[in-house]
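Chemist: Quick mapping for you: the protein sequence lines, in order, are chains B, X, C and D.
Everything in the first sequence is counted per my numbering, starting at 820 for the first residue and increasing by one.
Everything in the second sequence is counted per my numbering, starting at 820 for the first residue and increasing by one.
Everything in the third sequence is counted per my numbering, starting at 820 for the first residue and increasing by one.
Everything in the fourth sequence is counted per my numbering, starting at 820 for the first residue and increasing by one.
Honestly, I wouldn't trust all of these hints.
Which copy is meant is left open, so a pair is good if it fits within one copy or across any two.
[Said to hold, decoys possible] With a cut-off of at most 25 angstroms between alpha-carbon atoms, the simulated SDA-like pairs for lysine to any residue come out as follows: (1) Lys970 to Thr831; (2) Lys892 to Glu1037; (3) Lys889 to Thr829; (4) Lys889 to His848.
In short, the hints are calculated from the structure, not lab data.
4 protein chains.
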Amino acid sequence: MIIILNRDVTDTQIDEVRAFLEARGLGIHLSRGVETTILGAIGALDDQKAELEGQLAALTYVDRVVPISKPYKVVARQFRPQGTTIRVRDVEIGGSRICVMAGPCTIESEEMMIATATHVREAGAHILRGGAFKPSTSPYSFHGMGEDGLKLLAAARDATGMPIITEVMDPRDVELVCGYADILQVGTRNMTNFTLLREIGAARTPVMLKRGWASTIEEWLQAAEYIASRGNYDIILCERGIRTFETYTRNTFDINAIPALKSLSHLPIIADPAHGTGRWDLVTPVACGAVAAGADGVMVEVHPTPALALKDGAQSLTFANFTALMERLRAIVHAVGRDC
Amino acid sequence: MIIILNRDVTDTQIDEVRAFLEARGLGIHLSRGVETTILGAIGALDDQKAELEGQLAALTYVDRVVPISKPYKVVARQFRPQGTTIRVRDVEIGGSRICVMAGPCTIESEEMMIATATHVREAGAHILRGGAFKPSTSPYSFHGMGEDGLKLLAAARDATGMPIITEVMDPRDVELVCGYADILQVGTRNMTNFTLLREIGAARTPVMLKRGWASTIEEWLQAAEYIASRGNYDIILCERGIRTFETYTRNTFDINAIPALKSLSHLPIIADPAHGTGRWDLVTPVACGAVAAGADGVMVEVHPTPALALKDGAQSLTFANFTALMERLRAIVHAVGRDC
Amino acid sequence: MIIILNRDVTDTQIDEVRAFLEARGLGIHLSRGVETTILGAIGALDDQKAELEGQLAALTYVDRVVPISKPYKVVARQFRPQGTTIRVRDVEIGGSRICVMAGPCTIESEEMMIATATHVREAGAHILRGGAFKPSTSPYSFHGMGEDGLKLLAAARDATGMPIITEVMDPRDVELVCGYADILQVGTRNMTNFTLLREIGAARTPVMLKRGWASTIEEWLQAAEYIASRGNYDIILCERGIRTFETYTRNTFDINAIPALKSLSHLPIIADPAHGTGRWDLVTPVACGAVAAGADGVMVEVHPTPALALKDGAQSLTFANFTALMERLRAIVHAVGRDC
Amino acid sequence: MIIILNRDVTDTQIDEVRAFLEARGLGIHLSRGVETTILGAIGALDDQKAELEGQLAALTYVDRVVPISKPYKVVARQFRPQGTTIRVRDVEIGGSRICVMAGPCTIESEEMMIATATHVREAGAHILRGGAFKPSTSPYSFHGMGEDGLKLLAAARDATGMPIITEVMDPRDVELVCGYADILQVGTRNMTNFTLLREIGAARTPVMLKRGWASTIEEWLQAAEYIASRGNYDIILCERGIRTFETYTRNTFDINAIPALKSLSHLPIIADPAHGTGRWDLVTPVACGAVAAGADGVMVEVHPTPALALKDGAQSLTFANFTALMERLRAIVHAVGRDC
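Bound-form chain B, shown alone (with noise of 0.2 angstroms):
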C-alpha cells in the first residue's frame, strides 16, 4: 500500500510510522520531495490490509492511504485466465452457449407454476426460476411458500427436466434449499449478509450471488471471495441494477459491470434485466444489450398473468412477450458468435 503523509511531518514521525510497518513484517520504500512524503509498503498478509489501512488512517499526519492489491484472490480473473465454467445438471453456464433462466418471481400454485415452466421450456428457457422463500420490504406482503414451494418447483422440474434455482435467504435454511435447489441464489438485500454467505460457502450447491444494490463491484468480488475462501468455488454472478438518483426505472442497470469483470474476475455473469430497469417494456431490450456487452445469460421473470402476479408484476414477461424476447435474444447471441 501507499501513504502519503502531509506536508508537514517531521522525521519524528516518519521514523514512527516506519517502525510500526517494519514491525509487522512489510518492506517499506521512502520517497521525500519538497511538497509531499510517500511511503511504499510492500508485504501485508491479506488478514493484515484492511486492518493496516484503517489504523494507518488513523495518525493525525497521515493525509491518505492507497491499497495497491486487490482485495479478493481466488475470484480474481488471473486465478483462472480461462475462466470459469460451471456446469449444473445438462446445463453450462459461463462457456459458449447463454444460459437464459426464467420462471415467476414467485410461487403462487401448482398449476401456474407448471404452465409457466412448459412454457419457458418450449420457448428456449435453460433453468427454471421460482421463490419460495422472498425477502418483502413491507412486513405485511406475502412471504412465499416456504418448502410447500420448493416441492412444487422440483415438481416442476421432474416436468419439464430444467435444473433449478431459489432463493435463500435464512442460514437455518441453506441444507433444507439445497435438498430442493440445483443453484440456491442469494439476493440483493442479503450481498453482505456473511453469516448467510459463510454458510453458503459451506455447502456444496452453485450458488447464484447478486449485486448488492448500492454494492461497488470491489465488494460485490469480496463477497464471492468470502463464499469460494470456504470451498464453493461453483459461484455466478448476477448483475441487477443499482441504486441512482434516477427515478423513472426501479434500479439504473449496470452495463459496464458485465465487461469490467469480464476483465476483473473468472467467474460467469448473468444479467437481471427486470429488477435493474423495474418494467416489463424495458426488459427485451436491456437483456439483448447485456448480451452484447458479454454476459453468459440472463434471468427474466414470467408468469402467465402479470395483473395477478403476487409479486414484481410490474415487472414480468407474459408468455407472448417472453417468446417474443427470446426470437429477439436470439439474434443477439449469435451476433455475438455465441449459441442458445
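Mind docking chains X, C and D on chain B? Use the hints.
Modeler: Coordinates of chains X, C and D only, in the frame set by chain B:
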C-alpha cells in the same frame, strides 16, 4: 392509491381495471379528463397494497400507480404523537436528555475494554458500545471475539455501571446476545436481513436499527415496522450516513433524515457521525450538527490508540478527542434546551 | 395534478385550497376518505404547473403534490409517433441506419486531425467529431484551440466528406460555431445552462444534447424542450453515463435510458460509451450493448496515440481498436435489423 | 503522481513509461515488487497534471494512476492558514460573526420585496437575497424580472441598509449585475459553466459559488480555483445539498462538507438548507445543524405568503417561521462561541 391510465385507454380497459379493484373490495373513484384518466382506489388492506401496486403496474394501459398512504403504521408518528422514550437500566433514550453511546468499534481485550469504558464514563458517556460479532467486507479480516467479547463487555458494564449495546448478525445468535446486551444493534448491512429482523422482533431486548447505506427513510421505517409488527416496540433508529458519489468521506451523513424522522415517526433517533463521515476529524462537528438538528443522541467510536485499532481506526477518537467532543457537545445540548 | 392533504385537514382548509385552484381556472375533484383527502385538479396551463406545485406544497396541510402530466410536450413521443430522423448533409440520424460519430476528443493539430478523420472514415464512421472549445474541471488544463481548431475540423470535413460535430460552451460563440459545424454539441456540464440552450434554440443548426451527469431522464427531456420551444427541432439526445457511487468506472452508462427514451420521446438517441465508462477497454462492449438496446448510433473518441492525447487518453481508442469496434458493432447492427 | 503497473509489465514497457515521464521533466522513482510495480513521478507542473494522468491511463500496461497533490492551490487552506474574511459594506463573512442571508427566492414586486426586506432585517438578517434572473428546469416557467428586478432589489437595499446578493447566469450579464449587486451568486446548475466562471473571475465583486448538485468537494474547489486564478479572490462557498437516491427530500444536505471544507480551504462557507432539503419544515433544524458543524452562515428563502410564491414556495419560510428560526439559531451561534 391512485392509478393514472394512459391517454389512449379504452372504455373496456377502464371497466376491466375497475372490476379488478372492486372484486378486491376497494372503492373506486373515476376522473376522466381529455388528456388523462385517473382512478382513485380506496380501502386496500395493508397486506394487499404492495401486491396490488405491482399488479396494476403490469397492465399495459396503466401509466403509473401512486401510493397514498404510508407503508408503515406502528412506527408512524400518529401512532404515538407524544414520542417514545426507551428506558435501559437507568438511562433514557428519546427523553429530554441527550444520550451518548461510546466505546471501541471492536472488543479487543479486557484491558482496552476497561480502560475505554472508564474513560468514556468519566467524560460523560451514558451507554457503552463494543463489537463482539463484526461484519467485514473482506473474508480475511478479523470477525470479532464472539461470546468471549460479550463477556468482556459485560464485565465493563459491571465495572462502570453503564448499559451496553452490541451488534448481532446471525438470527441464531439473538438469544445468546440478549443474554448479555442491554440493547441489540442491527448493522447497516443487515437492515434488509428480514430473517434477523423477525428474530429480533420476537425478542424483548431493545434494539437500535441502523439505516441501510442505500435505504430510503421510508424503507428504513418499514424495517422498523418489521420488528415492531412482531411485538418488539423498543426501537431506536440510527442514522449512519448514506452512499453517494462523494469520495472524500466514507459516507454522506444525512442530517435531513433527523428532523424528517422526528416528523414521520415517534421513535428516538441516534446519530453515528463516525460511520457517517469515516474520518475522525469530522466526527465532532457532525455530532454537534446532528444534536442541533434534533437527534436524541450520538454514538461514537473511541479507542486508546486508534492507530492500533483492529477496525475503524480512521474514524475512532482518542480519549482526549472524546473529552473534547463532550465539551463542545454539551454547549449544543444546552442550546437546544436539553440536558446531557 | 393530485393534491394529497394531511389526515387532520379541516373543512375550512379544504375550501381554501379549492378556492385557490378555482381562482386559477382549474377544475376540482374532491375525494374525501376516512384516512385521506385527495384533490384532483385539472386544466393547469403549462406555464402554471411548476409554480402551482410549489405553492400548494407550501400549505401546511398539504402532504404531497403529485404531477400527472409530463412536463414536456414538443419532444414527447405523442407529438410525432413515427419518430424523428435528422438529416445532416447526406447522413441520417434516427432512421434505419446506425450512425457512428468518431474522432479525437480535442483537435490538436492538422496532421492528427486529418490522419484520424481518414482512418475513421475508412473504418466506417459517418460523422467526424473534434473539440475546439473544451470544458475542463481544472483551470490549468488545455481549453482547446478555439476557432483555429474549427478551421482544422472543417478542413478534415473537406478532405473526407464527413459532416462534423463540435461542442459550443459560450452563448456568444453560437453564431461562430454554426458557421463551421454541421451539428452543435451541448456538453454534460451545460445541460442546465439555460442561457446557452436559449441561444441554440434560436439557431437552425442541429444539436446533440448530452445528458447532465446527474440529471433525470425527465429533466433531460425538459432541456430538449427548452431548445425545441424556441424553434430548433433538430435535436439528438446523447446518453453519456451518470454519476453513481461506483468508482471503478468514471460514470455508469445508463442503458435503461435508451429504451425509456424511445418510448417517451421521438428524438434520436446516441450512446457515448467513452464518457459512459471512462475506460477504453470497456468502450466496445458497451457500444455494442447500447445498439442492441435500441440506440440510433454511438459516439467514440479515437486518437492516433492515446498516450499522447491532450485530453481523455484513458477512454480513447487507437486506430486498430476502432476498426475492431466497427467489426463487432456491425454484427450487432445487423442482428437488430438495421444497417451501418 | 503514482503509477501502478500491471503484474505482467515488461522491462521494455517500464523503460518506455520512464522515458515518457523523464522527457516531460519529471523525476522518477521505481519500486518493483513480486506482485506489483509502482512508479512515483514527481515534479509535474499544474498545467500538465490532468493531461498526464489521462495519457498514462491510456497505456495498456498501466493499471491505475493515483494523483498525490490536490488539484487546487489558491483556494487551499495552506495558501492562507488563518482563513478568509470577506467584507461586504459593513457585513463580514467568514469572521467571528455568523451571517444570515434571507429574502424571497424570486423578486416579484416592489411591495413584496420591501415587506420581506424589512421583516428579515428586523428579525436579524444581515444580507438580502432575491432572484432577478432565475434558472428553471421547465422552459414554460417564470424566468425572473431581469434588470427591473435588480432595481427593486437595490431599492430594498436603500430602504434597509442591507447588502444584496443575486444570481447571474449569463456571462453577458456579469457587468450589468455587478452594477447592482454586492455579491454575485453562481447557482448549482452553473458551477461547471466555465464561461461564466471566467467572466466572474475577471470581475471585482465578491461571489458566492454554490456547489453543483452532483459535484464532489474537490471539483467544487476547482471551480473556486477557476475564479480565483483569474483574480477574483473574494469567494464564498455555499453547500446546498447533493443529489442522492433519497426521494423524501429534494436534495441531501451534505453536512460533512462543512468541516471538510474548513480543513481543505480558507474560504468562508454558507449553508443553504432550503435547497438542501426542499421542505420548509426541515429548514430550521438543518440551519441549526450546519452552524453547529462550523458553517459561517446560512441562506434561507422567506416569502410573505409562500403559497403564492412564484418559485420555491415549498421551501420558503413565512415571516413568523423566519423569526422562529433566528431565535433557535442564535442559541446555537452562542453555543459555538460566535456572534450573530
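Chemist: All the hints need checking, so say for each whether the structure fits it.
Modeler: Each hint tested on the structure:
no., hint, verdict
1, Lys970 to Thr831, "neither (68 angstroms within a copy, 39 angstroms between copies)"
2, Lys892 to Glu1037, "within (12 angstroms within a copy, 32 angstroms between copies)"
3, Lys889 to Thr829, "between (31 angstroms within a copy, 20 angstroms between copies)"
4, Lys889 to His848, "both (20 angstroms within a copy, 22 angstroms between copies)"
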